[in-house]
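Asks: Which chain is which? The protein sequence lines are A and B, in order. FYI, in this note's numbering the residues of the first sequence are 1 to 505. FYI, in this note's numbering the residues of the second sequence are 506 to 581.
Treat the hints with caution; some may be incorrect.
To be verified - Think about it this way: if two alpha-carbon atoms lie no more than 20 Å apart in a straight line, the pair counts; the simulated SDA-like pairs of lysine to any residue are:
hint, chain 1, residue 1, chain 2, residue 2
1, A, K467, B, L516
2, A, K444, B, S544
3, A, K467, B, S536
4, A, K53, A, T4
5, A, K232, B, E580
6, A, K232, B, D538
7, A, K224, B, E558
8, B, K514, A, N477
9, A, K313, A, E349
10, B, K514, A, K313
11, A, K134, A, Y111
12, A, K232, B, P518
13, A, K224, A, E29
14, A, K224, A, K444
15, B, K514, A, I480
16, A, K496, A, S454
17, A, K446, B, D535
18, B, K514, A, K224
19, A, K445, B, D538
20, A, K496, A, R408
21, A, K262, B, E507
22, A, K288, A, K224
23, B, K532, A, H63
24, A, K478, B, A572
25, A, K444, B, D538
26, A, K448, B, E580
27, A, K262, B, E558
28, A, K445, A, K467
29, B, K532, B, E580
30, B, K514, A, R408
31, A, K313, A, E340
32, A, K478, A, Y502
33, A, K270, A, R356
34, A, K448, B, E558
35, A, K446, B, A569
What the hints assert, rightly or not - Listed next, with one range per pair, are the computed distances between beta-carbon atoms:
hint, chain 1, residue 1, chain 2, residue 2, range
36, A, R144, B, V560, 23 to 33 Å
37, B, V560, A, A461, 45 to 55 Å
38, A, K444, B, E511, 40 to 50 Å
39, B, P555, A, T339, 45 to 55 Å
40, B, M578, A, K20, 14 to 24 Å
In short, the hints are calculated from the structure, not lab data. Don't be surprised by glycine CBs; every beta carbon is placed ideally from N, CA and C.
As a plain string of letters, each chain reads:
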Amino acid sequence: MQQTNILEYFDETIEKYPDKIAFANEDYEMTFQEVYDQSRGIATFLSDHGYYKEPIVIFMEKHPKMITAFFASVYSGNYYVPIDSEMPRARIELIFQKLNPRVMICDDTTYGLAEEFPDFSGEIYRYDDISASKADDLRLDEIRSKALDTDPIYIVFTSGSTGIPKGVLACHRSVIDYIENLSEVLEFNHDTVFANQTPLYFDACLKELYPTLKFGATTYLVPKQYFMFPVKLVEFLNEKKVNTVCWVVSALTMISAFNTFKTVVPKYLKTIAFGSEVFPIKQFRRWKEVLPDAKFINLYGPTECTGMCCYYKVEREFELDEHIPIGRPFHNTEILLLTEDNQLAKPNEPGEICVRGTSLTLGYYRDFEKTNEAFVQNPLNDKYPELIYRTGDIGLWNERGELMFVSRKDYQIKHMGHRIELGEIEFNVNMLDGITGCGAIYDKKKEKIVLYYSGEMDQAALVNLLKEKLPRYMIPNKVIQYPAMPLTPNGKLDRKKLMADYEAD
Amino acid sequence: MEELLEILKELHPEVDYETCTTLIDDKILDSFDIVSIISEVNEEYDVAIPAEEIVPENFNSAQALYALIERLMDED
């Protein structure tokens, strides 16, 4: 029968590899059997308490148990919403206002924090208190049999230009489509050993989580601190015999730029997938030189299209000033490049990257307006309903027929692999007492977010207040005070002037 | 030392670098900061911090980092 539920991947694997390590961090390992028993136990507990078809907030530290709690949510017919312990309170509160969740699963570290949220009035359960619950197989089978492949399995929150994070909701069908096609391109199998770099509260970790279930592979969660210390990081990869990484570019260039390969080389790596940023060719060559036989694949895709939707296998040489293409869409996905008058762009003509296919997510949770702005009727089809997702990214087809990324349409940037709306930073700065105006710009070359502001507050106080509101990666790297913000003739913030000032400095 | 404090202040104006000895342990510096510090130290002092010296102990305080820079300058 055709697969309609993401957890069908687990059914076969649990028979074949019950005692193999599924998910681990540096000092804690969980076998497939443990993940299976605990996720089904917790699922039964959730079902016993009446939770069904609703968001389950998972507020835990990055840990194999957090992943197990994800699966528990899906087994129970609910959808998981991962929240990170390092997210600022104000952001979590905005998310709770959007979700209105009735239940949250925590660990020992987050339990105390969770109890203090004023906007959360639901039940809080500690993972370890409910993970030994006995699974009711009949009940879980019944929940499974009623589930459709168009039912949601998770919500992840992305930066929103109005300052309010948007919750992207994905269903079984789009995730299955993604995992099948990604696995084929990257050639995962049961010997695959992943080292996960990306946070569990974004869609990026789908690349490791579900292929691990599908193939009976193994995923190691790399401690975040290792990404500051390149020698330790490569030693960790070697110790765990990691052969596959799907990382943001800055995690890879951090290793190569510091000449780490003179001290230690990743011995087992065979597949290196990267994305979210431009890979500088100088750094790429260093990787290629130490791992000449490895496969290098560039991935591209928005959260709204379930992770990644395009890939490019690097199989030719690139000059220092060239960019690696984002290539071509996965099987069962089409990329339309639309010009401003909604025509298909010709070769070498820039157009907005629009995505068509099963990979489209369900949209933004409790936000029909924003959903309808981004997920729109295909303008090339006036015969029947057909949605495309407008990414806001500009691309072009080069003379080889490869898709190239050109730029962003609006003020969205990619910084250290994170997607950030500069507007969200400005929104939060403007809300602070004493601030009279602000503007954020991005220095692409030095990879710095630069914030200009005016008002009665010193830089240190401003940064401290922002830390309470924004995630770490959105905090400006440089803060400059102005007597007043430059404005355009129609009274809007003059970003071009800021940019010019910055460059002149 | 002055120049180093400048570099650090620019990244996190809110931190008291004279007294803080837990820049890594308390997650004050992140990987982006480390990358910036290394490249700016390189520009300012003309020393390249080799990969094997990029360890938590050398970045936990301004003092430790300065000691590392001095050691590397002597080796030149």
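Asks: All hints, please: hold or fail.
Replies: Going through the hints against the structure:
no.: 1; hint: A:K467 with B:L516; verdict: holds, 14 Å
no.: 2; hint: A:K444 with B:S544; verdict: holds, 16 Å
no.: 3; hint: A:K467 with B:S536; verdict: holds, 17 Å
no.: 4; hint: A:K53 with A:T4; verdict: holds, 16 Å
no.: 5; hint: A:K232 with B:E580; verdict: violated, 24 Å
no.: 6; hint: A:K232 with B:D538; verdict: holds, 17 Å
no.: 7; hint: A:K224 with B:E558; verdict: holds, 19 Å
no.: 8; hint: B:K514 with A:N477; verdict: holds, 11 Å
no.: 9; hint: A:K313 with A:E349; verdict: violated, 23 Å
no.: 10; hint: B:K514 with A:K313; verdict: violated, 42 Å
no.: 11; hint: A:K134 with A:Y111; verdict: violated, 23 Å
no.: 12; hint: A:K232 with B:P518; verdict: violated, 29 Å
no.: 13; hint: A:K224 with A:E29; verdict: holds, 17 Å
no.: 14; hint: A:K224 with A:K444; verdict: violated, 24 Å
no.: 15; hint: B:K514 with A:I480; verdict: holds, 13 Å
no.: 16; hint: A:K496 with A:S454; verdict: holds, 17 Å
no.: 17; hint: A:K446 with B:D535; verdict: holds, 16 Å
no.: 18; hint: B:K514 with A:K224; verdict: violated, 23 Å
no.: 19; hint: A:K445 with B:D538; verdict: holds, 16 Å
no.: 20; hint: A:K496 with A:R408; verdict: holds, 16 Å
no.: 21; hint: A:K262 with B:E507; verdict: violated, 32 Å
no.: 22; hint: A:K288 with A:K224; verdict: violated, 25 Å
no.: 23; hint: B:K532 with A:H63; verdict: holds, 18 Å
no.: 24; hint: A:K478 with B:A572; verdict: violated, 26 Å
no.: 25; hint: A:K444 with B:D538; verdict: holds, 16 Å
no.: 26; hint: A:K448 with B:E580; verdict: violated, 32 Å
no.: 27; hint: A:K262 with B:E558; verdict: holds, 13 Å
no.: 28; hint: A:K445 with A:K467; verdict: violated, 24 Å
no.: 29; hint: B:K532 with B:E580; verdict: violated, 30 Å
no.: 30; hint: B:K514 with A:R408; verdict: violated, 31 Å
no.: 31; hint: A:K313 with A:E340; verdict: violated, 30 Å
no.: 32; hint: A:K478 with A:Y502; verdict: holds, 11 Å
no.: 33; hint: A:K270 with A:R356; verdict: violated, 31 Å
no.: 34; hint: A:K448 with B:E558; verdict: violated, 25 Å
no.: 35; hint: A:K446 with B:A569; verdict: violated, 26 Å
no.: 36; hint: A:R144 with B:V560: 23 to 33 Å; verdict: violated, 49 Å
no.: 37; hint: B:V560 with A:A461: 45 to 55 Å; verdict: violated, 32 Å
no.: 38; hint: A:K444 with B:E511: 40 to 50 Å; verdict: violated, 24 Å
no.: 39; hint: B:P555 with A:T339: 45 to 55 Å; verdict: holds, 50 Å
no.: 40; hint: B:M578 with A:K20: 14 to 24 Å; verdict: violated, 51 Å
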